[in-house]
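Student: Single-letter residue listing:
Number of protein chains: 2
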Amino acid sequence: MQARPSQAREKLLTSALSVIRAKGFSATSVDELCANAGVTKGAFFHHFTSKEALGVAAADYWSEFTGALFAAAPYHDLADPLDRVLAYIDFRRQLLAGELPDYTCLVGTMVQETYLTAPQIRDACHASIEGHALTLVPDIQAAMDARGMRDAGWTAESLALHTQVVLQGAFVLAKARDSVSVAIDSINHLKRYVTLLFSHPVEKAA
Amino acid sequence: MQARPSQAREKLLTSALSVIRAKGFSATSVDELCANAGVTKGAFFHHFTSKEALGVAAADYWSEFTGALFAAAPYHDLADPLDRVLAYIDFRRQLLAGELPDYTCLVGTMVQETYLTAPQIRDACHASIEGHALTLVPDIQAAMDARGMRDAGWTAESLALHTQVVLQGAFVLAKARDSVSVAIDSINHLKRYVTLLFSHPVEKAA
DNA sequence: GACTACATACCGACCAGTTGGTATGTAATT
DNA sequence: AATTACATACCAACTGGTCGGTATGTAGTC
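Going down the list, the protein sequences come from chains A and B.
Numbering-wise (our numbering), the first sequence opens with residue 1 and increments by one.
Numbering-wise (our numbering), the second sequence opens with residue 1001 and increments by one.
These are calculated hints, taken from the structure and not from any lab test.
Hints may be right or wrong, so weigh each one.
Stated by the list, open to error - The calculated DSSO-like cross-link candidates involving lysine-lysine, where the alpha carbons are at most 27 Å apart (straight line), are:
no.	chain 1	residue 1	chain 2	residue 2
1	A	K41	A	K23
2	B	K1051	B	K1011
3	B	K1011	A	K51
4	B	K1023	A	K51
5	A	K51	A	K41
6	B	K1051	B	K1023
7	B	K1011	A	K41
8	B	K1041	B	K1051
9	A	K51	A	K11
10	A	K11	A	K41
11	A	K23	A	K11
12	B	K1191	A	K41
13	B	K1023	B	K1011
14	B	K1041	B	K1023
15	B	K1011	B	K1041
16	B	K1051	A	K191
17	A	K51	A	K23
18	A	K191	B	K1041
19	A	K23	B	K1191
The structure displayed is predicted, hence computed values, not measured ones.
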């Protein structure tokens, strides 16, 4: 389909994932990205019309990457929907290995810098987070239905988003403390919350 | 005590709070900061040795600002420690008014960009978050002690940090969605969690 | 209270290096 | 020959930061 298969684009996107997660989007220069990827500036602007366009493409690339990662994860194999949700949380905790830039979230980092100045990047980050969160909704809803939780005062979607809130916040505090332990603690709190939600008798919404 | 009271420094710090929260630290230039504050570049570098030094000063300024805000907040007046913790969460939810840059956290935004490249800023951000979280520990601990919760499997400090995790994460998702509602939902989940933690019979740690 | 000595607060022109982006060329594939 | 995928050279604007200078104060001395 192409004269030469595009290697530069892939290399630039791969570099973008690591460099932007380490330094942030604004502080990452096009030159630095090119150097890290081992390509020239001409190649960069051949594949991306602007730095902002690369940001959008990087967020999309991140969505594909994480989509494949979680689709192949083992937590889907469990029979009970609540077990799957809890195993998802365990899986997220297991992912916290290596150095900070290796396990933090690209789109969570980018959206903080760009939500006002680059709406297209913000939208791509939003789609990435939202898309991932929505994969949890069917299991949460099934667990609620199995227990006849109708008027719980919260929705499956809001709990799915809350898991992402905890994870994003955990990354922020992990960066501030330069330590993963606070993130692990918070994920444990999250798992305890979900367990309590489904073990407690249903309370009437206020 | 001084020849002329330094107006430029104060104006620069005030500007820094709003501009950095809107655009991020890296994307905020010294020139822009000066223009926003109505001072010259000479004044900037008279008061701050570098842009990074301003970042540190802004984080410290933020700590003072928020310290005064929460010290004067009404949730301290309640008699029961658990009520104080829950009222703190309510207070945080009430603060989510106005536009996004008005209620988001300066140090949470800054630390994401600087945790690897500017350790001094990271440390100042860390101190700000940590210092605030620690103000919650005595009330949480008192609530635990009142219920004889010894081996709960979590500590007062970890729960205090978890509240900050939820808040920071809520800001991230609010920016991504350009909507405050997801933040409110997550704070409600947090309050529900704390309520459940203290209403549930103590479980043995695994 | 006038003079000296000095400190602080601020100004704005200027600098070298970097920024995102462009214009033009070339080599391989179809 | 046309298209794609790069490479090289280059640019105007902007970056953080410097520097000489000025205006305005305070403190001590006489």
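Student: Determine for every hint whether it applies to the structure shown.
Tutor: Evaluated hints:
| no. | hint | result |
| --- | --- | --- |
| 1 | A/K41 x A/K23 | holds (20 Å) |
| 2 | B/K1051 x B/K1011 | holds (15 Å) |
| 3 | B/K1011 x A/K51 | violated (32 Å) |
| 4 | B/K1023 x A/K51 | holds (16 Å) |
| 5 | A/K51 x A/K41 | holds (11 Å) |
| 6 | B/K1051 x B/K1023 | holds (15 Å) |
| 7 | B/K1011 x A/K41 | violated (40 Å) |
| 8 | B/K1041 x B/K1051 | holds (11 Å) |
| 9 | A/K51 x A/K11 | holds (15 Å) |
| 10 | A/K11 x A/K41 | holds (13 Å) |
| 11 | A/K23 x A/K11 | holds (18 Å) |
| 12 | B/K1191 x A/K41 | violated (50 Å) |
| 13 | B/K1023 x B/K1011 | holds (18 Å) |
| 14 | B/K1041 x B/K1023 | holds (20 Å) |
| 15 | B/K1011 x B/K1041 | holds (13 Å) |
| 16 | B/K1051 x A/K191 | violated (41 Å) |
| 17 | A/K51 x A/K23 | holds (15 Å) |
| 18 | A/K191 x B/K1041 | violated (50 Å) |
| 19 | A/K23 x B/K1191 | violated (34 Å) |
Going through the hint list in order, the structure does not satisfy hints 3, 7, 12, 16, 18, 19.
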